[in-house]
Each structure stands twice: as structure tokens, then as C-alpha cells.
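For reference, the chains in residue letters:
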Amino acid sequence: MDLGVCYYPEHWPETRWAEDARLMRETGLTRVRIGEFAWSRIEPEPGKFDWGWLDRVVDTLHAAGLGIIMGTPTATPPKWVVDAMPDMVALDRNGRPRGFGSRRHYCFSHAGYRAQAARITRAVAERYDQHPGIVSWQTDNEYGCHDTVQSFSPAARDAFRLWLAERYGTVADLNEAWGNVFWSMEYRSFDEVELPNLTVTEANPAHWLAFRRFSSDQVVSFNKAQVDILRECSPGRDITHNAMGFYTGYDHHDLAADLDVLGWDSYPLGFLEMFRFTEEQKRRFAHSGHPDIAAFHHDLYRGCAKDGRWSVLEQQPGPVNWARHNPAPLPGMVRLWTLEAYAHGAELVSYFRWRQFPKAQEQMHAGLLRPDATPAPALAEARAAADDLASLEGGAPVKQSAVVFSYAAEWMTQIQPQGEGKSALWAAFHCYSALRRLGLNVDIVHPDAPLDGYALVVVPCLPIVSDTLVANLEAFDGQVVIGPRSGSRDMDFGIPPTLAPDKLEALVGGRVVLSESWRPGLAIEGDGWLASGWFDHVEGAAAPELTGRCGRVASWQHGKVRYAACWPEGSYIDLVVARAAYDAGLPHDPLADHVRHRVRGDRRFVFDYESAQVTIQQA
Amino acid sequence: MDLGVCYYPEHWPETRWAEDARLMRETGLTRVRIGEFAWSRIEPEPGKFDWGWLDRVVDTLHAAGLGIIMGTPTATPPKWVVDAMPDMVALDRNGRPRGFGSRRHYCFSHAGYRAQAARITRAVAERYDQHPGIVSWQTDNEYGCHDTVQSFSPAARDAFRLWLAERYGTVADLNEAWGNVFWSMEYRSFDEVELPNLTVTEANPAHWLAFRRFSSDQVVSFNKAQVDILRECSPGRDITHNAMGFYTGYDHHDLAADLDVLGWDSYPLGFLEMFRFTEEQKRRFAHSGHPDIAAFHHDLYRGCAKDGRWSVLEQQPGPVNWARHNPAPLPGMVRLWTLEAYAHGAELVSYFRWRQFPKAQEQMHAGLLRPDATPAPALAEARAAADDLASLEGGAPVKQSAVVFSYAAEWMTQIQPQGEGKSALWAAFHCYSALRRLGLNVDIVHPDAPLDGYALVVVPCLPIVSDTLVANLEAFDGQVVIGPRSGSRDMDFGIPPTLAPDKLEALVGGRVVLSESWRPGLAIEGDGWLASGWFDHVEGAAAPELTGRCGRVASWQHGKVRYAACWPEGSYIDLVVARAAYDAGLPHDPLADHVRHRVRGDRRFVFDYESAQVTIQQA
Amino acid sequence: MDLGVCYYPEHWPETRWAEDARLMRETGLTRVRIGEFAWSRIEPEPGKFDWGWLDRVVDTLHAAGLGIIMGTPTATPPKWVVDAMPDMVALDRNGRPRGFGSRRHYCFSHAGYRAQAARITRAVAERYDQHPGIVSWQTDNEYGCHDTVQSFSPAARDAFRLWLAERYGTVADLNEAWGNVFWSMEYRSFDEVELPNLTVTEANPAHWLAFRRFSSDQVVSFNKAQVDILRECSPGRDITHNAMGFYTGYDHHDLAADLDVLGWDSYPLGFLEMFRFTEEQKRRFAHSGHPDIAAFHHDLYRGCAKDGRWSVLEQQPGPVNWARHNPAPLPGMVRLWTLEAYAHGAELVSYFRWRQFPKAQEQMHAGLLRPDATPAPALAEARAAADDLASLEGGAPVKQSAVVFSYAAEWMTQIQPQGEGKSALWAAFHCYSALRRLGLNVDIVHPDAPLDGYALVVVPCLPIVSDTLVANLEAFDGQVVIGPRSGSRDMDFGIPPTLAPDKLEALVGGRVVLSESWRPGLAIEGDGWLASGWFDHVEGAAAPELTGRCGRVASWQHGKVRYAACWPEGSYIDLVVARAAYDAGLPHDPLADHVRHRVRGDRRFVFDYESAQVTIQQA
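Protein chains in written order, with the working numbering: chain X, 1 to 619; chain L, 1001 to 1619; chain U, 2001 to 2619.
Everything labelled a hint here was simulated from the structure, so no lab data went into it.
A virtual CB, placed ideally from N, CA and C, is assigned to each residue, including glycine.
Warning: the hint list may mix true and false statements.
[To be verified] A few chain X residues that face chain U, going by a derived Cβ cut-off under 10 Å, partial list only:
{"hint": "1", "residue": "Ser40"}
{"hint": "2", "residue": "Ala75"}
{"hint": "3", "residue": "Thr76"}
{"hint": "4", "residue": "Arg93"}
{"hint": "5", "residue": "Arg96"}
{"hint": "6", "residue": "Pro97"}
{"hint": "7", "residue": "Arg276"}
{"hint": "8", "residue": "Glu280"}
{"hint": "9", "residue": "Lys282"}
{"hint": "10", "residue": "His325"}
{"hint": "11", "residue": "Asn326"}
{"hint": "12", "residue": "Phe357"}
{"hint": "13", "residue": "Ala360"}
{"hint": "14", "residue": "Gly528"}
[Unchecked claim] If you want the footprint, here are the derived chain X segments under chain L, 3+ residues with CB under 8 Å:
{"hint": "15", "region": "495 to 504"}
{"hint": "16", "region": "587 to 597"}
Go ahead and model the full structure; you've got the sequences and the hints to work with.
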């Protein structure tokens, strides 16, 4: 595994570049990621390029022995691009323009901006097409950051209508698929369709789902346009993009299909603070991150990546600037996170950023160097991690368990939670945690992924079930856990005529005849477990597995398949998963709650999130 | 009492209609409500009507022996209506259009839409004018749902100016009535008056009150236009409309004056979840609904209805889709709710809906049938309720106590709560609950309603007091409880020269010289009671009734009248009301907190919200 | 000290004026403040003035022996002013116009409104230029009330560009100062700069800081224009303006530089309810106000005022209408607040308002008279305070301790809190409280103020440190406490090359190499103290003073200087301040938590916020 760093030479005097490069190499770094926000320096005036400085940067870094990951600068078009076509910015859900002054101020559907993005991408790609220092290209930066995938602009509306016509053929078919007869929402032509925002009450969930799919497709095609140019101009280099944490605005399986390596940006402390963890977890793990945050994304994006190639393109090295509160990692955590990425199979961990920039939006974001160029604590940890890695020789992943996840599932549960906060992503996270607490290796896989080699598969919440998944599960000889809402919808958000779990009914041994969602405080209690949040009434041949004191059945068993009728979370899903692990012949005793394992090749990595220690054992 | 169901034949194949009708009759239903969202099927293109399908529906249902309640489809104008006049939609408080894509996308003040609504109403009314299957007409659907009464559009502004000119005559009179000299808000003509939104800080409360009255009047006149057409085209049928729960956007007394029967839509579980109940109540009654929710509205709308004729046009049959969490009712609750409506004097309970529709916004809303046409739990309960009703022979209402409520009171306390969350509707609800917990029959009456026959009258919070009410109370020989803010305002939101309670001063035996509102945690404590939220300083001849340990007087007594100086809620108002009941010779011992009674004729209905049981005793 | 009252003669019949004036005098009042909302009565039609009524008011009040404070009416332009130039209103952060219908509906940058404001100011000033009744002029009313300083209008944008050009000279210098290379935010001309709202994610903090400075400067120049007219037309009168509580929208040091006397509006109960106090404090002091609220502002505005001349232009006399909850003060509090203002050196306390107006937005705001003209409780307290004052002979302020505060510090911590809710104003308030609880006199001073005469100086949180402050602190021979973020920024929000505390490093004896912000629940615990919220890692010669059980150092000591590495709040800052007071030879034992002292001349005033008692002792 390589170590690298994100570097912004345009922030620093040219006289510093060689020293920075030398120090990077001395730290054990072999990769450097540059360029993705530098449009205003590459093309300071329309059509007038200034390549000199960037040429010298590339040569200097290459000369020092660093492999360069070069970004296309399309996430930050300069003001003159926007002023030339003010309607290129996205409109938010309330119809307000999302203007210049930070970043990502463009609508993915705007043809004019697409042309500008292609032009600058080609310019950069042609400039460094065969430079030996360039080892990879990165497209844009963090698609969707700051909630930028959805745009409610006229450009998006027009593109959406074309997309709908393409998908549905006739408007009658769209009306039928969406059930538009309800509330007289029937359209007479695709030109009557509006975007689903600013309706009096919520729009048709089918309308929203189509818009989410369309918005995702726009990202994928925007990216594909850059990929095509880069492949044409600079063949032989890997192409990557940096995904984010707990972000589902576009379908990462689709995006990754056009990339060689899927990267992601790992900020365990920031994510802990900003996402759905309990107050107690946020306090307890404030300086180390919840033990499953980084691993979950490693495994998720490995599962998304074509050929399983993935990396960490940004790794938190100290406090960040963007969370509600911004504590520092415990000494040892940066090294631990680095080795954890290795244990999960990363090709690269790249720290963000080399040196803290004293100005602008991220001035409070730590780097490996302080603003005054003295070492920040993470520099020594990166050096230590480089030493650790020198003695590790790789090794194949070990398959034990898999969690099935799709982006459409998350969109659908966001569009129609039915019970507040019940989302497929977090169902997956909780199931993943349950498996991890047993010390298991976990893969997070696409619904159509082969299941060979696993002993246990969990389908936490998957409204749309494909024939491939059904066939794979039927052929599968391990244990299966299926959670609520699975098989509850057709491709257009309709309830299937045979009700949930539809095609999974034979496997589950039952049909869901009624679904309830429950507020906090309502629960089914059993011995040592408490199930809550959701309750499916199941009828069929399956046998009750967990029955609460109230007489309600919280989980069902039918051969190799368990059906979780309550929301997969907490002590309840821990128990269901542990029982399935037991039946699968897997380890099933929980680890200490601050400890996690990962086996790669013949090594078992033991990560302790309380002491920030890593132990490497024989597996 | 009839039982009925809401039916959307346009959602289902024509081949199913006869079977549905047969099954309705078999279930004991005699009424079926149709048509209110079917505009796009009735008139798929401008001016091109398709009556065939609806003719066959009407004939099929009629042939099965069902009486039809036909809705005008004006709540869901098709897209082509909106596209012909895009300014017909309402603007929200922030000036954003509330567009097509769900329902109720119209501004009540838009002349163009009023013409369209009249046209489609006349078309439907003329088509089925004397069809023997039609027993009633319903106008539109749930006026105000999704907060749609107020519109801040140019059409509304222009209509508001005319309304003001009509009401005030001269702008000088308006300036004087509103106190516009304050902050130099004086207008020189009605054309200078804007709507009260988007002001720098809050607009004049008098301005808001006028706008609330105007907005209510627009609903009433919109409805009246349909009523006039229906009476002209289809005489001899009842005309109804379906009101909602805890909704006060328009004056239901005014609307009901133009209807024969006032209906309402009863969703006890959804309302519990979404409205101002404590977390503890929301958990405890999650599967049954707070014991006073349905009854409160039965009694409220009976009091609004002309001649007291009212019905439940929609009754929750299972989980709904629109609350934050959506649990299922306990087995027995659907039957209990049905009998409760009977006990309060309903003419009809109509379940919503016949069959769960697998698509669009309400796909998670239960029906009597599941989406696959198999029976949902409520079907058998409807059948059981039909059997119960067969053995009940009606009987006159029994008068014991009355709560006085006006919509203007609620508007005023919303406009100017003075203490967070202190509203007249909820004051009324808490007083109602206090009376109900004593096992009393309660009527909720208009301020000008006669008070004969009651032993106890509560006026929870009535800023504007009419001469009629004063005269009625003076003549009344029972006990009276009057709550804070009563008599505190004139017709234009001004404090009367004699201060509160103004015309009630002689009855109360005191004058309110100072009013405080208190944050949670501040209270007057006595033996077994705790008064909070509000505190009126009273001076006059009245005697202290409840004095706290701090020496403050929480309630006063003067002859037959008690004055509640604190917010009418909790143990405090329970005690004040129980003491008044005692003095009135009424039952005054509290029932178990999950039990409620209602006497109709010679029967006493005992409803248990814990076990979902109904017991019918001799009264 | 004078006592006065705010009076709106335009609300009452002319026949009442003389009686009101007589009663004011009888109450012991000598000043009356009028006119600031009366534009629509002074100029009911464009250019048509009606001076008669106001002439008679002025004569009547003067004849009664009252000195008049006359306000310019520019806070409430009549509707015809707005209709003549609809773009004069401010746009809010979301781009929505903030329209007519309440008050302060103008953008400070609108040239047309500036002309109107100058015109009406000149008209009033010329009318009463040398009237013997006029003792002072007040400009406008509560600049910034209802968040009106910032406007995002085209007028503001254009003015901002000019302001930037003036400040930075070249756009290259602006780009460099702001670090606009980051995210390609570089501008090619000042005309490319937009306002910092409606960006995709947060704008550059340097951009925001410039906009905050600009917005403040617009207030100052708007005010200056009126001051110039008033000085020209009516020389010899004091000019004042009324500032607000906990309000920092403009730089009050800058505004006060153009005024003779800085006034402020004191609403202790309303402020307690609406600002950042704990639930426990809000309950405990609901009827008296937190003991430091009024005093903090007295000392803050005395420090802002030119020559230290300040007054209370509005004093809460009973419940207000604008807080979430509005309780009444304890009997005695109005007198206590009045004497407290005296003890802190006020020239005037003016009660708001004379008589409660029964209509419009503030109808629930108490006065000295009730709406019916009978005395409200505060009238007798004003009378008692007048008697108290008659026996007090003034006396010089006594210097003990000082807190350093700048408005830019508050803007910067609002723009970039880094940890939720960590703001310089509240850091100052907590340090002030810590000093006050020791019974000390506290001054709140500008960063460049001389420090002679103090024994203890606290710099709670001052990102930008001037050379003057450094020199003053170096020369200072008392004790110093410096808090986090001090010296952490340059003038344009950049981190200085030598890191924090930059120029203070020699004094502090250390450098801050890393800053963390911590969520509630994370803390450093020691014996009897708990430090939280923020944690600076310090390296240097300073010695640890307070070290937690976890080994982290919460405060450092270096000669006379202590550095608080945690957020200055709670038991932690109380202890640090008490230790510094001890070293300074000042009293250092805490008073009872509901008691505060203030020494003026040879008198010690002891205020008890539990019993609402004032005791006056020999100092």
C-alpha cells in the first residue's frame, strides 16, 4: 500500500516546493495529489492558460520520486465562468440559486458548464498526457459535497423530461407506473412533468425516485465525459474519484463502473460528530471515532469498486474545521486508521492535507505540517505507518460475511421513511456493526453480487429485489438474515401484487401483511433483547424465532433464512446476527465494544479504539 | 347510523367494481364516497369529458344498494388547468409558489380558478343531478389540508384590499381600529395595504386577524359557490364537507352554516403522534389514541353543524402514512371508534379507504382491504360494528356541560400567544378533557349558543366576548368557569378601555390588571394542584378560591362564576372543573384515566382505551 | 442622574397631554423622550408637514418642566416612502425583501432612502432647532433591531464593492489578503465580488468579516449623516442613540465616537428569556433577571461611549411582549434596576413606556400606566427611585478590573465558531460574571484603551491583537488573564505566521500549536473545577497552573499573565479569575450567587436579586 498526501502548491511560494517534496519522501510518502482546485491559476483569464507554475510543480514532485495524482479542477470554476452563464448554478429545493463564493457551484445538467468542464479537462489532460510523473487522474472532487447532486433548475427540469421519455417511452406508461391517477396527477405529455420540489405536500414517491435516479445518472454521465477525455488523452493511467462518508446522493456502483480505482475521504472524528450516533457514542469516541465508521466505508467502497480496487484519497490527520465540534485524534489514531485501511485492502492512504493553509474556509483544518511549516503530530504517525507497512506483504481478503446494500434502497427509505429516521444505509451500518462486533470480516456487496464463499449474508433493508439476488440466495448454502421492507416495492415504488417480501417469500417462508412503524419507547422486549422502530406482521410457514413478552414475534426462521420483523438495530439485531453466525459456524461471541478485528491474508489486525493501539497477530 | 367507505374506482379495473360493491354490502356498509380526486379521469383534456366509466361506477354501486356520496373534484385540478393559468397556485408565506404535483394547488382568491371550479362542479352536478344513487354531495376535500387556506399571492392581496374596504368603509377607520399610528403604519388608501407576511418583524396583530378572517371568508365563499350550484342542479340531496382534526384555518361555524351535514376525518393515531401530546401520552396511547381526540372533534363539529347534523367521512382503519410514526390500532379500536361516533350522535361513519392503493403518496395508508384485495383487520371490525349498530335504536343527546369555543379565539392566540404555545384550541381541549374525566357529556358550543339545559359551562379562553354571551351567562343558573384572556380584546384586537374581562367583569367579580406568561418550571403550587403557564393579577370583589403556597391566587370565585387566573391545563384545571361540577350537582369523581363515558338516550357507553373494549350500560 | 420616560403623545388625545406631563413631574421624572416613530403624523403626505400637534406637545411638555429628547423618525418610514422606491427595503440572507408592515424596513446602503432620511431629519431639526424644551436629539431607534444591519440587496452589493476597493486598493491585494487562491475564488475586479450569502457552502470567513465591517460602517455613516445635520441645525444639544442588549451587529465603539451620550435599552427579563442562559437560570431569575445582565451592558456601553457618558434610554417597567414568555418583575426590581444604573454611572434612566398602548404590536408591553391610565406597579417604584436619587450625590467610578472586548472579535467567532456556540461576547460575559461574583467593579474596555489604574485585566477572546494592546499589557503592572483564540488572526482573518497568540507570545510565554473544540460532556476535571468547550495545546516557557486528572493543562502561568487554554466559562474561569484577583491583591472570595456589588464614590451598592433589595453602604 502506498502512502500519499494532498498538496496545494499554489498556496505556497515556489521556493518551498522542493523542500516539501523532499520532506514528503523522508516521511515515507510516495504519492502526491494535486491540482483539483487550481482552475483560477491554470486559466486566470478565459482562454489564457498559465502552465508554467504547474509544469514546475509536476517536475519538482516527479524529480523527488513522488507519483502524482492529478485532479481535474471542475469542482471550482472561476468567477468568470459563472459570470459568462449565470444560469449554470444549481437551484436549491426552494428555488434559490447556489452561487459563487465557495465551491461546487454548478448544475450537473447545464450543457454550457458541461462544455466548459470538458474543455478544461482536455486542456489539463493534453498538457500532462504522458508526463512520467502522473500516475493517476482524479475527476473533479467529492461529487455531491454540500448536497449538490440535486438541482432544481430549468436545465435540470428539461434534462429530467428527456430522461423520463427515454426511460418510459410513453407518458401513459409513466402515469401507469407511478399511479398518477391518484390525486389526478396524470400528465398528457412529458413536457407537463415538473421537478418534485415546491409541491403543496409531498410529491409522488415514484416521482422522487425517478428524480433521484436521474440526478445520479447526471453525475455518472458528467464523470464519464471526463473519463473518456482522460482515457483518450492520457491512456495507461488509473482514473479515480474521491467519494465521501455516509453519502448516498448518487449511485456509487454506477460511478465506480467507469473508474479504475474508487477513492474515498475518511474523516472518522468529523463523521462521528455530524452523523447519527448517540450522544454517548459521540462523547466516548470523540478522540478516536466510532470503531465502525472507517471500516464500514472501506468495505462499502471496496464492494462498489470495479475489480475491488479502492483507496483513501483523504485521511483526517488532526482536527477538522467543518464539524459542530472539532477535537483532535488520540495519539496513535492516525497510524491506526492507516493500518486499518491496509487491513481492508486499500491501495493508497493519502493524508489531507500536507500543510494547514492559514486562510480561507479550511484554515482550521489540520495538516501534516502546521501553518508555520513545523511538523504537526500526524507527520510522525505517517512516518510510523510507513515503517509498519514496510514489513507487511499484502495478502488476499478473507470472506466470512456479507451485507447487501443498494443506493436505490437508501433513496427509497429517505423518500418514504414511514417511520422517522428509518433508512436503509443506517440499517446496513447497524447490521455491519453487529457482524464486526463478532470479529468477522464483512463485505458490503451489490444486490447482484455473487455470494460464493460467504457463510452468512445479511440483507438489512432492500425494497427492490432482483431476480439475480433471489437466485443467488436460493443457491447459497450459508445462513441468511433478511430485514424489513425487503421485497416491498417494484422498480417504480409500487407495492408488488403479492406484497412484501415478494420474490423472497419462498425463502422467508412468509408474507408481510401489515407494517407498523413505532416511535422511540415502543418496543418488543425479550430476555436480553429489545426490538423497536418497526414491526412487520408476518403470515406463513416460517417459525417464530424471537417472541417478546407481549406475544409479538420479532424474528422468524425458515430453514437457512431469518426474517427480522423489527428495525435492525441495537441488542435485537446483535442477537439475530449472532444466532445466524452460530448456525453458520462462524465466531459468534462479541468482542469488547471498543475492539475490532480484520483478517487479511495470514494476519489478524486487532484495533483498539480506546487505547489507539493496533496489534498484528497470526490469523 | 350508517356505515360507509371511501372508494376510488378509478384505481381499480372495472371488472372488480361489482365484487367490491357486493363485499361492501356484505360488510354491512350502506354508503360509499367517491369522485373527489377524479378530475383527470372525468375531464382528461380541457372540455373533453369522459363520463362513461363514472356512469358505470354509479350504476354499479347503486345497483348493489349503496347510497353514493359524490365529491366535487376541485381539490385536485389537473396539470392542464394549472398550465393554463400558472398564477392560480397559492404563494406561501415566503413568497414561493405551491405548485402542481400533489393536491390543493390553488389559491382560494384566484378568479380564474374559481371559474374552473364552478364549471367542473356544474358539469358533475348536472350529470348526476337526479340519479337515485346519489344521496349526498361533498364539496372539494379537506379545505385547508397542508396549510392551504392562507395564500400570499397577488390575487389574495387584491381580494384582501376589497374585503378590507368592505369591512372598514374608510381607510381612516381601519387605521384607527388597528392602531396604525404605532410605528407610522398608517395607510392613505386600501391600495397601500399589503399582506402581513415578509415584514421585518411581526405585523400588527390586527392586520393578521383581518387576514385570518379574510382567508376564512374566502374558503366559505369558495364553498358557497359550489353549494349554490349543487342545490340548483341536484336539489334534495344533503351537502357536506369533510373537516379535519385540530385544524382551525377557517371558521367551521361559518362553513357549516352553508352545509346540511358537517363531516370530519378521524385519525386518532395520526393525530396523537402529530399534535401537542406529551411523550408519555404518545407512547401510552400509541395503539389506541388519546381517549379524548375523537370525542373532542365529534362534539366540536356537532356544535358547528347546522341543526347538529354531522358525520365521520373518513375513519382510520389501520396505520396511516402521514404521521412521524405509524403504528397499527389495537384489535378492537376500529369498532370502538365507530361506536364512539354513534354515542356522540353521528349520522355516518365512513372508513378511509376501501382498499390500500399500492402506488403514489398514500400507498402505506391501510384500507379495509389490503392491496392484494384480501381483508385487512379493519374489515371484520367494520362488520362487527354494523352488527352492534343493528341493535341500537338511537336516542337524544343528554346535556350536562358545555365548553365555549370560537375560531377567532384560536386565531388570536396563535397570532399573539404572549406565552409560547398558549392557544385557545388547546385550552378548550384541556377543559374538555377535565370534564370528560369526570364522566360527563360535553358539548362544545359557539359563543352565542343558548346555554339552557346545561349545569356547567366553561369558557376556556375567549378574547372577544359578545353581548349575547354575556346575556346568556347572566341568565344561566348553572356553574361557570372562565379562563384567562377572556374578554381581553375588542373586535380588532384592541385591549378594551375597561381592560379584561371587559363585559364579563360583573360576572367574574374582578378586573385583570396585569397578565404574565410563565416558562415551564414556574408554577403556583397548592395541595395536590400545580398551576402554571399564565398568571393574571385580578382585582375586585371576587374571593380567592385556590391560593398557592407562594400567596398568589390561582383561581377566584364570585357567585356561580370561577375565574381561572392560570393556564387551564393539568391538575389545576382538573380541580377547578371538578369543584364547579360538584357545585353544579354533577358527577365529580374522576374515572380511570383510560376510561371515558358517553350517554346517548338511555344508554351509557363506556370506552376503555387500554383494552379497546366498549361496554353499553343503562344510563 | 435624571429619570425620564418614553412617551408617544400621538397615541393619545391632545386633551390628555397636560395631565400626563403633570403626572410625570409628580413621579419625579425630568426627561421625556418622544417622536421617534411619528413620521406618518409629521408628514402624512409626501412633502406636506403637520407640525401643529407636535409643536403643542413640545410646548406642553416643556411648560411642565420636562426636558425633551427628540427622536428622528427614520426607523419607521411611512408606506408612501416605500412605495416611491420599493427597492429601498433590505433583502434577507435568502434574498427575500423585508417589507413594510412593522418597522426598520430600509437598507442602510440605499441612496434614495438616505436622502429621505436626511430630508426628514433636517425638517425636524430645523423645526425645533433652538426650542428651549429640547435637551437632546436621538438618531433613529435601535439600529439593527430585528436583525436589520445586514442587507443582501443590490444596493448593498454595489456599496460593498466600493468599500472593498477603498479598503484594498487593488483586487490582487484583496485576493492575497483573503487567500482566494483556495477553491479558485480569485476575482479579476471588484465588480466580480458578490455578497457572501447564498453560496453553496460557507463563504470565505475573510469575505464575511469584510461584509460585517462594511455593514457596520454603513450604520455608522447613516448615523453620522443625521448627526451632522443635527449639529448644524441644533447646536448645543447632546446627541444620543439607543443601543440594545446582547447585540453586536455593528461596532458600538465606532458609532459612539460620533455621539455625545450612548444610550441603551435595558430589558433584563426579556433578555434572560431570549439569550444564552441555562434553563435553571431562566427559571430562577425569571422575575428578577440574571444579576449580571443589566450591569454587563452598563459597563460595556460606558466603555464604548465617548467620554464615558451613557444612559438607559428604555428601562423595562413590567412584562414585555416580545419574549418567548413574559413574566412580571418582582416588586422592587424596577427601583433596583434604576439604582443599579446610577451605581454604574448612568446620566439618565428613562422608562419605556409611559402608558401601555392598547393596540398594535406592543399592546402587551407594560408601561408606567396601564392602558386605562391607572398606575401600573412601576409608577410607584419610579417615584421611590426618584426619592432615593435625591439623597445621592454622585461620585467617581472606582477602577479595579477590566475586561477587553471588541466587536470584531464577536463577528469573527460568529463567522467561525469552530466549536458550536463559542463566541467572544459570551466569553466576555462569563469573565465579567466571574469578576462580579468576587464583588469587583469591572470596566469593559476597547482593546486600545489605557489600562492604568486597574489591578486585573482579562482578555477573554480577542483574535486580532493590536500593537497598542501589546504595549499596554507589557507596561501594565497588574495581573492579566488571556483566553483562547486571542492573537490567533490577522486583520483579514488569516492565521499569523507565528501562530497564536502571535504578538502576545512573549507575555503568555507560549505558543498555541493546536486548538481543539469539544462537545458538551468532554472536559478536563480537576479539584473543584471542570474545564470544557475548547482546548489549546501550548508549548513554551509558561508553567502549568491548572492540570486536570487526565494530565492536560487547562491554564498556564507566566509571570503576571495567565493563559486560559479552555473556554472561559463556569467553575474553571471562576477559579482562574479568583486566583488572578488574589495575586492582584483584590477581593477574591465569591459573594452569594444572587448578590452583586458596585462601588461608586464612597458608596457600596449591594444588590440582592433574590429579594429585590438594594442596600447602600459606605465603600
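Hints, verified against the model:
no., hint, in the structure
1, Ser40, "4 Å, holds"
2, Ala75, "8 Å, holds"
3, Thr76, "4 Å, holds"
4, Arg93, "12 Å, violated"
5, Arg96, "6 Å, holds"
6, Pro97, "6 Å, holds"
7, Arg276, "15 Å, violated"
8, Glu280, "9 Å, holds"
9, Lys282, "6 Å, holds"
10, His325, "4 Å, holds"
11, Asn326, "5 Å, holds"
12, Phe357, "6 Å, holds"
13, Ala360, "4 Å, holds"
14, Gly528, "28 Å, violated"
15, 495 to 504, "holds (count 5)"
16, 587 to 597, "violated (count 0)"
In summary, the structure is inconsistent with hints 4, 7, 14, 16 from the numbered list given earlier, while agreeing with the others.
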